[in-house]
Amino acid sequence: MVRRHFSAGNNFVLAVDRLDAAIFDLDGVITDTASLHEAAWKKLFDYELSSRGMERRFTREDYLQYVDGKSRRDGVKSFLAVVGIDLPEGSPEDSDTIESIWGIAKRKDEYFLEELKTVGPRPYPGTIRLLKRLHAIGMPLGVVSASRNCKRILSSAELINLFQAIVDGEEALSMGLPGKPDPATFLEAARRIGRLPERTMIVEDAIAGVRAGMLGGFGLVVGVDRVGQRDALEKGGAGIVVSDLGLLDLPGNYKNIIKRLTRDRYNIPSIEDRPLPYSQRDAAEDSLNSMNILWRILEEYNNPDGTIVKAPVEQRFNLLGLDKIIQSAWVFTTPGTSGSSKCLEDLLARHSFDTRQASPRAVASWLCIADGVVGTRGAPEEDIYRANTDVFISGFYRRDENGIDQLIELPSWLVPSISDTSFTVDREVEDIRLLDMRNGLLTRLVLSDNDMPVFTARFASLMDPGIEVFIAWNPAMSQSHEAPPHSSYLDESVTMSNLGSSVARAVGDFTVPIESQKSGTGSVNLSRDVTARIASYKYSHSGSPPNKEAVKALLRARSRGITLLLKEQHNAWQDRWEHADIEVSGDPDMTRSIRFAMFHLISTVASSGEAAVGARGISGPAYSGHVFWDSDVFVLPMLAATHPPSARAMLEYRLRRLDAAREAARQSGRLGVRFPWESAHEGTDVTPQSGVDEHGNVVPILTGKLEEHITADVAWAAWQLASWTGRWQFLRGVGMPLIIETARYWASRVEQGRDGHYHISNVIGPDEYHEDVNDNFYTNIMAAWNLRRGAELLARFGHLGLSGRHVANKTGAHKPSGNDSAAYPDSQSSRDMQGNATEEAKSWIEIADSLIDGYDPSTGIYEQFAGYNKLEPLTIADIGDPPLAADLILGRERLQASQIIKQADVMMAYFLVPEELHDELLQDNLDFYLRRTAHGSSLSPGVHAGLLARAGRVDEAVDMLRLACAIDIGDLTGTVGGGLHTANFGAIWQAVVKGFAGINVSRPNDKVLRLDPHIPDSWGTLTINLLWHGKPVRLLCHTDGVEIFCSSPLRVQISNNAPVHLAPPGGRLK
Amino acid sequence: MSGSDINIGGISDYSQDDQTADIIYIAYPVGTDRMEWQDLIEAVSVSLSLHPRDIDITHYAEQSSHLSLSHGTPSDDMLDALSRLTCPVLILPRSRLPGSGKHKIIGKSTGGMDESLVEFGRREQQYRHPDGTNPDSTNLEMSGHTGQTVHQLKRIVIPVDNTNIVSSKAVIIVNKFHSAGIATSLLHVIDTHTRPKIWEGAGHYIEAWREELSAHHRGIPYSTKLDTAVGETSSQVKKRLLSGDLLVILWNRDTGHNRARVLRELLSDKDNAALDIPVLLYPLR
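Residue numbers (this note's numbering), protein chains in the order written: chain C, 1 to 1070; chain V, 1 to 285.
Isolated chain V (complex conformation) (with noise of 0.2 Å):
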């Protein structure tokens, strides 16, 4: 072959492989101040470097980017709604969570100063250095705002499931948040769709098991955590969120018999307790 040639020694670039669009949708139960969550919508907006665009979960109704869900419809009406975006969707909770007091969300500079920690709150944001000092505003790719309450994104919480699929836009996504800082735990749950049929036991079988396992997400960076757990995987999730989590279920926006099984039990859970964290949905396709 002619033209730019590639070594057959050469290494394929993991992000030349998302193709997603270049926005986010902001979802919000009705009620929801949504500025109340500009901190963290600009955060994630910002790691993943899309613009956001806002749905309004008031009523069903789909106009050019403007996308609005009933609060409180069945699961598979929103589903299927947010099944039609082909961009990634950030379903922010109803209210902060209960007795937060001060948030703050770690964001990347681009001053050189990736362990820096930078504060958002309602109407005013904070940055400050882990001595302590204030950086310069200029090198942040935040807009910012002011105010008392804070919201601290500690961890992004990904399940996994073992296919390429997700594996390979796992790995994409860890590394855009690593990039901004943010520290990414991927769960890999045990369950009765993603447990091998067959199944060896302790000792050498388990050892290869976690070894193809972390093999798949290879290109994580070294810091990010890889666990796995056994049982149903949205207990599971749900057992494992913590205040300041951002929870990312990677879907493939089919929203069939027996698919989406974690969403779906998000979005119908009565106490909707699992939404009081918020939710990035990012498709694969």
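Just chain C, with the same shape it has in the complex (with noise of 0.2 Å):
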């Protein structure tokens, strides 16, 4: 366990920006029901023992070892074992004359209230004190306490409105929660408080309590030391051990606090010693952004001899700095809908992707802005009965009539239009759109020689996701600043699914006062309003309507006034740019392009609770909003690099559906978890067993049964985190399922074949273009990677026992064969387990060591599969230029018999897993797979950008990896409209950081930051930005050499073979 939480004097002072949410126990942490306990336990086992005859009594040395911090049940076999009394089990319902374990456990329980009763609860005033406090600042609490009489004991000490979630023995029984050590009671008090266990701190005095958090991967395990059993607790995990909680401190300066709280949940130092170069440059940038616009139209118009005033339209174009504005590449722009928009397009005709020609639904996906849980998708405002103004809520979808599942699309918060807010738009305008990546803004400029101009501006709050604004200025209507702000409007309403979940909306219009600001000079005070929109979302997976807390959220954010809203939207996004952005100093159309597909995968992804990335996001309703191997393959390790929580959330939307996915595996006559090739509510398969092909005809879709490596892709995504933010406690704790389940899956998937190898027969890889083939190379190659991983973490931590327990309690999943070696038994030591684990873990490196790869020693390349060199030798060239449709050229039969390939999957395992394959072998295989691939998919281009980068064939890689970009800017797909590609995105990103960069992220357990860039001349230099092991990094590729800036020691090596340097902290590595 990381300390990060430093020591003043005796007292520890926590970093509670660092932390969402606190959970307690109860006894010996909260009150000293821990005395009542032991006096209780005492009187019980010296009693049982005396009446046996026996000399032996009941110690405080056997309540700290045997029992403390358990269940009754659990302590009253773990004394009676020690002691050698052998009783029944009894059952939870017997009466406490009778002599069982649980008969015994009641009467203990009836001692314990007669203590209860004569001494009362006794509550520590440390800890009285810090809980307060942690509530005055807004952090949710939660107590879990094996003890029946939690509730009462809260409520007798008058605690129990200080905690959202309270998990006791009795809930625990009734959900079949296991007891400390087990995590799962402090998982759900996490998942009750809906924050991730990574970002919450656990206090507990028992050993057993300091474990269960260690294993369950929480941010800070604090241990309550009051017995003298430092070093133990220590041992078991805690990262901070304090004889009291009154040792505990906040930071002084509470405002800040609270501050951090509401604006930064996620643990991202900042790095203190900034380059200045760059800095320099993002000063000037500033100065460029669409919000500087709105305080100089704002004060511009304030003043009616204001120069811009009185120009014409085209000249106020040039004043007001929109031509320098629309080449910046922060600024994505396009025209609006309205008139000519001459000067704009004459601007854009010079651009490097014309926006002009875009269908308006592709314009209005580009356009969206979401803040990871509520998408508005980006039409003009007048163009909201159009449909292209829907709002999608992330995760939110309904069961229709086929039994699929699709993403809700809601009707827009801006209808109806906002009131007191029109304008003329006639053909004599320029109608100007800036989405304004910087600051998560999307404005819009309508100017015209004979009237005022219009403004609009909304943004998603990043930092308060669920809260929408909408912001109109329109001189001519607005009134008087000394009108006191009114609400004109104020609609609430609820969308139910049939799946359970619901959203809740509250909407309101309001005329307020807004303050102009401009770079640097402070701020100045405007008499006009801005008509404003405030729209709050609320979602509830299950139970009643949240439509209260979306009044509550609304209410609220209006009272911090649009102002503040905007800075802080603006510091909210800053902070995410800081960790992520990357700049090709040397093309800036390329940078606007990266950074547009970073900003919509910052956008789509929640950063707590649970995050389901559909294939088109939150930005359309294409692809259903159907969960693939796209968000975990594609879209994960760009945010597991620049913004953990968010990763880590996308795999929350994995593990809260695991038993869905050992339902599955089980149903396929297989052990361990099969995650569905897609996924929506409940994680059952929800892929479409038939479809409509480009004739009309109704065909088979057969990749909900065959396309099985995204059981592999999940567990690869898992291992991203944790290699990224060097967090292994997550894949040792809660995401160990994730490793293990899935290579379980995997061991009892394969076939031994004749020859004695392992195969995998009857699936479909990336390459769709053929289906139903036999040990398709990515297939077995993650199949293969999984394993290893597996054994690995099996053979380390199999004694813990914890996944495979939980798939003996909740499926009873066996082997077909009726061999059963499924699960471990509760009953089974840990050493007992361990043996099984090691013996389990042996056995999948032997399988994976004996799977099919199809390399071919004499040609040097990997078969696709098995088969597919004999199919006719097509080249990409025999058909056409790619990107192609090789389905639409060949017809569906042809394409099948033939080498061309919709993607290559030998080239997605280089991409994912070089580690597993021969790195020397790289250049032939794409050179070979290059020549057959159509890039009928749009996850191909990215990838071979990435590859090309990765081996030295710079130009062709940047020519790949504009296409790319192209893909969504260019609306190569032609479905743009339903939604932007956000694997596409995480693709683009991965050929720049693990391509171009040549960041190599793929060994285990690595402490060392290696990179091998590759930098065409024409970019000049290549500025990343993000997060290693949680230090922050920003590395400036050159194509001569590298500087590397981190804010902390770093280990680094840079290319292949290299020494590893010590990059020093606060300062540069050149």
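Here are the simulated distance ranges between beta carbons: (1) Gly403(C) with Tyr222(V): 24 to 34 Å; (2) Gln923(C) with Thr163(V): 36 to 46 Å; (3) Thr163(V) with Gly696(C): 15 to 25 Å; (4) Gly500(C) with Asn252(V): 45 to 55 Å; (5) Gln923(C) with Tyr222(V): 48 to 58 Å; (6) Gly726(C) with Asn252(V): 57 to 67 Å.
Just so you know, the hints here were simulated from the structure itself, not pulled from any lab data. We put the beta carbon where it would ideally sit given N, CA and C, even for glycine.
Combine both chains into one complex, guided by the hints.
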């Protein structure tokens, strides 16, 4: 456990900005019920011992060693086993007169209640003070206790109202949750609070409890040592041990704490010593952002003698600096739907990506604004009845009449039109729409010769997801500053899904004063108001619709005011870009395209809870909002490297659907978990069984049945999170099933052939042109990788047996052969479990080593699948220039019988798990498969760009990267109107970071940042910001070297086989 | 802004975008009896609210509003001549379709009889309600002719390529003919020029692609068909033309290399079979 909370004398100052929640044990932590329990246990066992004529008496050591922190039943069982008293288990219904484990446990409860009644709960003053201070800064609190009297004790101590979640012994029993040291009860409390374990603090006094905190992957485990067991607590996993919680302090400035809690919940330190050249450029860019345009317009038009007011429209265009803004790599520009926008079109005609010919729906996708939870498509305000302005909530599905989950399209919060905000749209205007990616703001400016300008802006609050803001400023309609803020419209609505989830929305319109602010010049009060609309969305996975919460959030946002909301938005995006931005100094258009991709990735994925990232994110309805491998393999790495909480939320989505994946494995006669090819609300497979082809014929869709590699892809994603963050406790704890259970699936999925090798038959790889193939290269390689990583974890941590036990308890899965080696029974000792785990791990390694990989030593080429080399040897040049629709050109039958592939499975494996393959064969395989690849998948160009760069073929790599960027900005699939290709965005990021910068995170447990840059001359300097093992790192990759900036010591290897350097903290390695 | 405010929630009107001139040229080959097609000319003119003027396709000369083309001249020359016309051009076939028998044109009445059938003959016109009765001829916006042969305009076929400009113009034309009671069918052919560069195949992708195609033509009447086909556009168009169709080709009057492919193909067709179907050439700009 990494200690990040510093010590001040005997006190510890909690870094509460790194915590989202705290969960406390009850007995011995909050209340001194431990002494009451101890007294009750002593009374109970002394009676049991003496009644059997035994001399031994129950001691304090016995209490600490055998019963403290355990459930009554476990405590009884544990101590009686030690003293050799053998009693039947009995049942929870046994009365206290029955001589069974459960009967005696019930007797103990009665003794305890007697003590409680007599002595009282006695809360610890230090704990009370800490609880109240945490509560005061808004930190959610929970209690987990094995005691069945938990609520009664908290009530009698008048503390119960401080807690949002209480998981007591009663509930644990009814839910079947195992007791500590299993982390299940703590995880349940975190789930109820709605916070990630790694952002949650556990406070415990028992060794079993501390261990549970560690195993659950919680961010900080505080041990409370009141009895002299500090070492044992530390050994058990406590990051901090204090003798009393009164010794835990919060930082002095409460306002800062609150600000941090609301502004940045995540554990991302700043680079203290920011490199100068970059900062100066940032400042210059700041002056060009659309926020400043807003201030400038407001100021200019507040002054009737202002030069802009008097100037003709073309001059105003320049006076406002719009020409510079449009050329900024932070701004993505399109014409609006009104007017000729001649000035703008002239400018866009010089753009690399000319956005003028795009369909309105594609524009609506491009300009989607989202906060990870709510996505609002970017149609112009007057276009709202054309269904371009839908709203999507991440993970909010309904089940259609065919039983398929569909992402729900909600009506826009911009309907009906905002009151008092209207403008004339004629043909003689400049209608400009600017997506300000630096600030997460979509603005629009309408300029005409004859009228005052109209300015609108909208954003989805990245700091406060679910809050949407629209501002319209129209000088002709605007009111005097003296007019008090008023509300003209308030609406509440609820959308229910037939899957039990619901979304509540509250919308309010306000006329509010706005404070104008210029960069570095302080603020200026204006005598104009803006009309604003704030919408608040609250999502509930189940239960009652959260109407009240939506209204409260709306009112809270309104009370903060538009100026503050804008500033918060600016700050939130600045924070994200600080650790994510990429710049190609010699190619601003490429920079803009990369930022466009990253902007939408950041917007799409939530930072807490679970994140269901569909193929088109929350920017459109296409692909039904279903979650594919796209999210795990393509989207997640960027987030793991720039904002780990979002990556963790994506994995949380998978973790919460493990049961469905277990059931899928069981139903196919396998062990472990099998993730569905398409997933939505419940985690069952929602892949349509049939679809319509280009001729209108109904054809079967086999991917749901056969595209199994997703199971290994999810495991790979979990490993990526650990690799980028260096936080392996996630995989040792709650994330372990994502590796172990997936490996177990593959171990039961393979078949041993007569050749002695293992094979995987009847699958589809990423190349979906060829269905139902055997020994697909990608599937086999990923399965082998999964088995090796699973074996590694199992060998080290298998004695914990957590995931195995879950299998046994929840599904009773077993091998179809009847040779049941499925799970670790509860009664097995840790040593037995370790023994079994070691054996199982060995068998996994054996399978991985023996899985066919299709390597042909005579050619150095890996065969895509068994029999591929015997197919018609067509190359892509035989049918045209890629990318092309090979299936339309050749027809399905001929295509399947040819070597033309949609995307190269061999290359995909090289992209993800190069450590499984021969590095020196990359060039030959790249050449071989590029000649056969149609790039009939939007995922293909990004992958090939990365590999071409890795292979040093940078010019080809740049061309391929441009192609990847054009997929969305050029609408190369013709479907961008249905939403953006989020996975393509992830592929673009990986191509730059893993390809051009050559960052390699594939080595297990690697502590060294390894990079091997290949920078095209035309690029100048490639600047990459990211987080490596929690440390902010800035890389400046030049054609002839690398500069590295970091905030703390960093071990770096530049290019393969080079020595490892230590980059100094706060400085740079050149 | 001041003046006539438009609420942010307003809807723009497609018809406002149609800035085509108010005349339609009628082009017909040598030897064609223009009057033979008078019924069709009038039906199209009335539907589009345009006044017809003639082009005689006999020899190449340009005289103000009268442009003549030589039949059988290379298609490039014909294209070049046609590209000079900024108005719609109705290109007539040389003769009635073989074995066409009795033809009808479904026209629009102004007397609330949208469903009525209007039959035109060479020298007389007959009006007929669906129930077989004759309506009051004064309710109709068409001049009459009498004759024994009538042409039945069953359907308008418009190939579309999924570009904004073609889609928006197609929607306008479809609605005009729809108002005249004439059915329209849009045809999108996935050919080498129109197919997306990245085509991800059956299932979600094609569903999404079709959705975008439909969205592109939002505003067409519910009853208007939007068909798709795979192949070369001209051959797919020809394959789908039936007796009684009018083919509408939307073009930007650009006759450069690889442009106006369908029209070029039709004009250079040796058998000229396609030109047995009248073609309305509709400029986009």
